[in-house]
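Going letter by letter, the sequence shown gives residues 142 to 376 in our numbering.
Keep in mind the hints are simulated off the structure, nothing from the lab.
For each residue, glycine too, the CB sits at the ideal point set by N, CA and C.
Be careful, since some hints might not be right.
What the hints assert, rightly or not - Calculated pairs, DSSO-like style, for lysine-lysine (alpha carbon to alpha carbon, straight line, at most 27 Å):
| id | residue 1 | residue 2 |
| --- | --- | --- |
| 1 | Lys162 | Lys207 |
| 2 | Lys297 | Lys226 |
| 3 | Lys323 | Lys207 |
| 4 | Lys205 | Lys297 |
| 5 | Lys253 | Lys144 |
As the list claims (entries may be wrong) - FRET-style restraints, in silico, Cβ to Cβ:
| id | residue 1 | residue 2 | range |
| --- | --- | --- | --- |
| 6 | Ala319 | Glu372 | 38 to 46 Å |
| 7 | Gln257 | Leu363 | 16 to 24 Å |
| 8 | Arg202 | Asn247 | 31 to 39 Å |
| 9 | Pro346 | Glu187 | 34 to 42 Å |
| 10 | Asp194 | Ala158 | 14 to 22 Å |
| 11 | Ala319 | Lys253 | 26 to 34 Å |
| 12 | Gly161 | Lys305 | 44 to 52 Å |
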Amino acid sequence: MSKLSVNVDHVATVRQARGGKNPDPVTAALVAELAGADGIIVHLREDRRHIQDRDVEILRRVVKTKLNLEMANTEEIVRIALRVKPDMVCMVPERRQELTTEGGLNVAAQQKGLRQNIARLQKAGIRVSLFIDADPGQVKASRAVGADFVEIHTGKYSDAPDEKSQKKEFRRIARAIAQAHKLGLGVNIGHGLDYQNVLPFTFIPEIEDYSIGHSIIARAVLVGLDRAVREMKEL
Numbered sequence: 142m143s144k145l146s147v148n149v150d151h152v153a154t155v156r157q158a159r160g161g162k163n164p165d166p167v168t169a170a171l172v173a174e175l176a177g178a179d180g181i182i183v184h185l186r187e188d189r190r191h192i193q194d195r196d197v198e199i200l201r202r203v204v205k206t207k208l209n210l211e212m213a214n215t216e217e218i219v220r221i222a223l224r225v226k227p228d229m230v231c232m233v234p235e236r237r238q239e240l241t242t243e244g245g246l247n248v249a250a251q252q253k254g255l256r257q258n259i260a261r262l263q264k265a266g267i268r269v270s271l272f273i274d275a276d277p278g279q280v281k282a283s284r285a286v287g288a289d290f291v292e293i294h295t296g297k298y299s300d301a302p303d304e305k306s307q308k309k310e311f312r313r314i315a316r317a318i319a320q321a322h323k324l325g326l327g328v329n330i331g332h333g334l335d336y337q338n339v340l341p342f343t344f345i346p347e348i349e350d351y352s353i354g355h356s357i358i359a360r361a362v363l364v365g366l367d368r369a370v371r372e373m374k375e376l
């Protein structure tokens, strides 16, 4: 695997379930880095259901690799990003009733608002990625609004009911990766990836970073976070 960024949102989910201080996603991030993670990802949602503002602020001070802040394209969260200055932000769609991000941004339909905030963030030295479905129109629109990266949504691939459907989704994602690379965009992928289904993607050299959270944290419950991160990194 080229580069692995570990999403520690689910550590915060466990903490928030009891309303206490533990487990601390900041501590989890440090363990992940020591185990070889190339970056840390957190999603500061508008409803603050897991990651809290203090998490982002402390992570910015202690993360030694790369901090990627997933965020909605809203004025409140943009201002937080401008203040905290993560290394990268990844703009994602949000719906309050969803359990997790369910699909990519419709970049083509919101170009004006995205373009303005992308420019603000880049002016502050923050690289901007857009979380999109593997759709040619969305890749093209991402380039048009000035994004530095796209993160291709792998959820449909991960949730495919059978091998035929999964292979079809893989080909669709591979085409989107090639298109984005040709347009000069950096390419990350993520959502639903685990220790088995990620393997075909490791043969695509254009992928710069893998965004993986749930499967690593789920395995960490059984074997510990250090080992879970090392096992993923070795793929």
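So, going through the hints one by one against the coordinates:
1. Lys162 / Lys207: Cα-Cα ~24 Å, so holds.
2. Lys297 / Lys226: Between Lys297 and Lys226 the Cα gap is close to 31 Å, so the pair fails against 27 Å, i.e. violated.
3. Lys323 / Lys207: Distance ~25 Å between Lys323 and Lys207 Cα, so the pair holds.
4. Lys205 / Lys297: 32 Å, violated
5. Lys253 / Lys144: Roughly 32 Å between the alpha carbons, so the hint for Lys253 and Lys144 is violated.
6. Ala319 / Glu372: 38 to 46 Å: Violated: the Cβ-Cβ distance is about 29 Å, outside 38 to 46 Å.
7. Gln257 / Leu363: 16 to 24 Å: For Leu363 against Gln257, whose Cβ atoms are near 45 Å apart, the range 16 to 24 Å is violated.
8. Arg202 / Asn247: 31 to 39 Å: Check passed, 35 Å falls within 31 to 39 Å.
9. Pro346 / Glu187: 34 to 42 Å: 36 Å, holds
10. Asp194 / Ala158: 14 to 22 Å: With a Cβ separation near 19 Å, Asp194 and Ala158 satisfy 14 to 22 Å, so the hint holds.
11. Ala319 / Lys253: 26 to 34 Å: 28 Å, holds
12. Gly161 / Lys305: 44 to 52 Å: 46 Å, holds
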